[in-house]
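Position chain X with the ligand relative to chain U; hints supplied.
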Amino acid sequence: MLEDGERIIGTELLVAGIGTVGAEKIMETVLKKADLSCDDIDFVMATGYGRRNFDPAHGELSELSCHAKGVLFTNPQVRTIIDIGGQDAKVLRINDEGILENFMMNDKCAAGTGRFLDVMAHILQMPVNELEKRAELSGNPAKISSTCTVFAESEVISQLATGETVENVIAGICNSVASRVAGLAKRIGIKEEVFMSGGVAQNGGVRQALEKELKVPIKWSETSQMMGALGAAISAYEQVKKRGVLNE
Amino acid sequence: MSNEVKKKSPPDPNSAKFKLGKIATDAYVDAQAAKDRGEMIGWCSSNFPVEIPETLGLAVCYPENQAAGIAARGGGERLCNISEDDGYSNDICAYARINLAYAKIKDTPEQNMPQPDFLLCCNNICNCMIKWYENLAKNLNIPMIIIDIPFNPDYEVSDAQVAYVKAQFLEAIKQLEELTGKKWTEEKFQEVMEYSGRTSRAWLAATSEAKHTPSPFNGFDLLNHMAVMVTARGKKEAAEAMEVLHKEYLENVETGNSTFRAEEKHRIMFEGIACWPYLRATSTGLKSRGINMVTTIYADAFGFIYDDFDGMVKAYCNVPNAMNLEHARDKRVKLIKDNHVEGLLVHTNRSCKLWSGFMAEMSRQISEECEIPHVAFDGDQADPRNFSEAQYETRVQGLTEIMESKKGGC
Ligand code: SF4
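Residue numbers (my numbering), protein chains in the order written: chain U, -10 to 237; chain X, 334 to 743.
Since the hints were made in silico from the structure, they are not lab data.
In this text, a Cβ means the ideal position worked out from N, Cα and C, and glycines have one as well.
Watch out, some of these pointers could steer you wrong.
Claimed, not checked - Ranges between beta-carbon positions, derived for each pair:
| hint | chain 1 | residue 1 | chain 2 | residue 2 | range |
| --- | --- | --- | --- | --- | --- |
| 1 | X | E704 | U | K201 | 28 to 38 Å |
| 2 | U | E(-5) | X | E701 | 28 to 38 Å |
| 3 | X | E701 | U | K201 | 21 to 31 Å |
| 4 | U | D28 | X | N423 | 35 to 45 Å |
| 5 | X | E596 | U | K21 | 39 to 49 Å |
| 6 | X | H660 | U | E181 | 32 to 42 Å |
| 7 | X | P344 | U | K14 | 48 to 58 Å |
| 8 | X | G589 | U | P65 | 38 to 48 Å |
| 9 | U | N84 | X | T546 | 19 to 29 Å |
| 10 | X | E704 | U | R(-4) | 32 to 42 Å |
| 11 | U | K201 | X | H660 | 50 to 60 Å |
| 12 | X | E701 | U | L3 | 52 to 62 Å |
| 13 | X | E701 | U | E181 | 33 to 43 Å |
| 14 | U | K21 | X | G407 | 44 to 54 Å |
This is chain U alone, in the form it adopts within the complex (with noise of 0.2 Å):
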């Protein structure tokens, strides 16, 4: 929730199933916090793979403007986003002028998305931000080379039967997201600052493998996941401003 453009008056962060009840339940909560009212916002802009169908909406934008708006609020010298998002992967060129001008998305399938780490998580039985810490303690990188999901599940489980580390193969799941999305930016082209968005940019172990294979750094903040939302108010306020009213 952002006010008068500047400032962020309200945060909240929910992982949520499917529909817009999480959304909703979301708006309520940060309204609450804050103290206000639905009359007290004038602009609700929706943003994600849910946009469409969240009602309270006044607009929708899809989270690849929403992230490029986030990141450039906060570090605008940024000109290459890379997303790592739940559902997909993205990597962002934004040009001189600060304006998002070309963008990939990853094809085929859910491989170097968050979804691919949360089921990585899921069966090594831990929650997904532990697999930083862990990952941190290898020595040696297990090799994942599976794309789809299911069989790199499979590979995991079949590398641990054969007395590889559960360390060195978290580290490999990480360096087979970063050797994905490494393909989308080198596709697009690298132009530094690079900025890392999306819940994956609190991996290290990602954000570390990606350094490597793009031969960069990259940059990141503890607020990496909420880039998408706070563009989604940027643009909000924005169009608030194009009409002229403005609450008191």
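Leaving out everything else, chain X with the ligand in the frame of chain U:
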């Protein structure tokens, strides 16, 4: 904003749409009638020189067109499954899987065509075609005539290539004469060539009207009309219908009308075969955002202009999937510049390895040269299992937002 051209009902028999639709439907009817008369009929791959059967007076059907029709009417998965159950990999082109299944079951509610007595195959479109037709020939126990037109790594077609391919054209004519008893006459060839030239010129002229803003037509029209360009170029009715099409587009330019029934906010080029099982979803995804697909490589590809036999041979060596990347790129760049295209939407077609394979690099080069964004989505021309509407929507919306922001909006 252009005015809408309302759908007429019943359809106007003098309209290009009606005439072109009739030619496409009549192709099946005529082939069936020839078969019923006891004549031999063929199945023919789409870039086989149509002038050969046309000049010989042989009726042929086009499995790719039939497969597209079956897929558009919802039968793609059912027929693909039949082939897969028979052991064909689902990596094989879905047109091939659908047709191999049809050759086995010989009847579908979506679109029937008579069974062949011979096969005409040309690999200037892809090499999958060869194995597909060989399997048909073996399963149906009928002869297959093949013309080998290899992929051309050079920019221009060489005289050596023309000589190599010409000998095969002549051999194919001889084989067909022997097989069917029909005779090749120079007089008939001249007539076919003339109609083919007229049809092609009208097609090129009609599609080039997209240079106007707004475009007088919706580019999805081209995906339908091209069936006639592929199969019936050498027929009098085709030449006449295409000339009507051009006339209609010219009238639209004058009156500010268009067959694109929305405000044309953005203009894109679409790359690849249509996603037939999801034609509505893919076209609505564009139309709802005011995006008109004003051109495709088909606009250029089916303009077969030549004035003699050698020229015809050369034209068939120069079809899109047989030419090198640089040549293919330049043709697209020209279409983009001529038609004021603002974005490129690429169908990464899981069926069509050759076409989709070189598009990744080609779209990068096009995008750079024309300074337009390019976006790819996964899909398949006929197997519905390779497409996700939500993924398509996100990509198209991203493309729209970039085009909008380049114009200072968003
Ligand atoms: S692989 Fe491509 S070119 Fe070959 S038959 Fe299939 S769709 Fe046509």
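Here's how the hints hold up against the structure:
1. The hinted range of 28 to 38 Å is satisfied by X/E704 and U/K201, whose Cβ atoms lie roughly 32 Å apart.
2. At about 36 Å, the beta-carbon gap between U/E(-5) and X/E701 stays in the expected band of 28 to 38 Å.
3. Between X/E701 and U/K201 the C-beta distance comes to about 27 Å, which sits within the given range of 21 to 31 Å.
4. The hinted range of 35 to 45 Å is not satisfied by U/D28 and X/N423, whose Cβ atoms lie roughly 54 Å apart.
5. Between X/E596 and U/K21 the C-beta distance comes to about 41 Å, which sits within the given range of 39 to 49 Å.
6. Checking the proposed 32 to 42 Å range against X/H660 and U/E181 shows it holds: the Cβ atoms sit about 35 Å from each other.
7. Restraint check, X/P344 to U/K14: a C-beta distance of roughly 52 Å satisfies the suggested window 48 to 58 Å.
8. At roughly 43 Å, the beta-carbon separation of X/G589 and U/P65 lies within the given 38 to 48 Å, and the hint holds.
9. Against the hinted window of 19 to 29 Å, the Cβ-Cβ separation of U/N84 and X/T546 comes to about 25 Å, which satisfies the hint.
10. Remark: the range hint 32 to 42 Å for X/E704 to U/R(-4) is upheld by a beta-carbon distance near 37 Å.
11. About 38 Å separates the C-beta atoms of U/K201 and X/H660, a value inconsistent with the hinted range of 50 to 60 Å.
12. Roughly 41 Å separates the CB atoms of X/E701 and U/L3, a value that falls outside the hinted 52 to 62 Å.
13. For X/E701 and U/E181, the Cβ-Cβ distance of about 19 Å falls outside the hinted range of 33 to 43 Å, so the restraint is violated.
14. Taking 44 to 54 Å as the suggested C-beta distance range, the pair U/K21 and X/G407 conforms, at roughly 48 Å.
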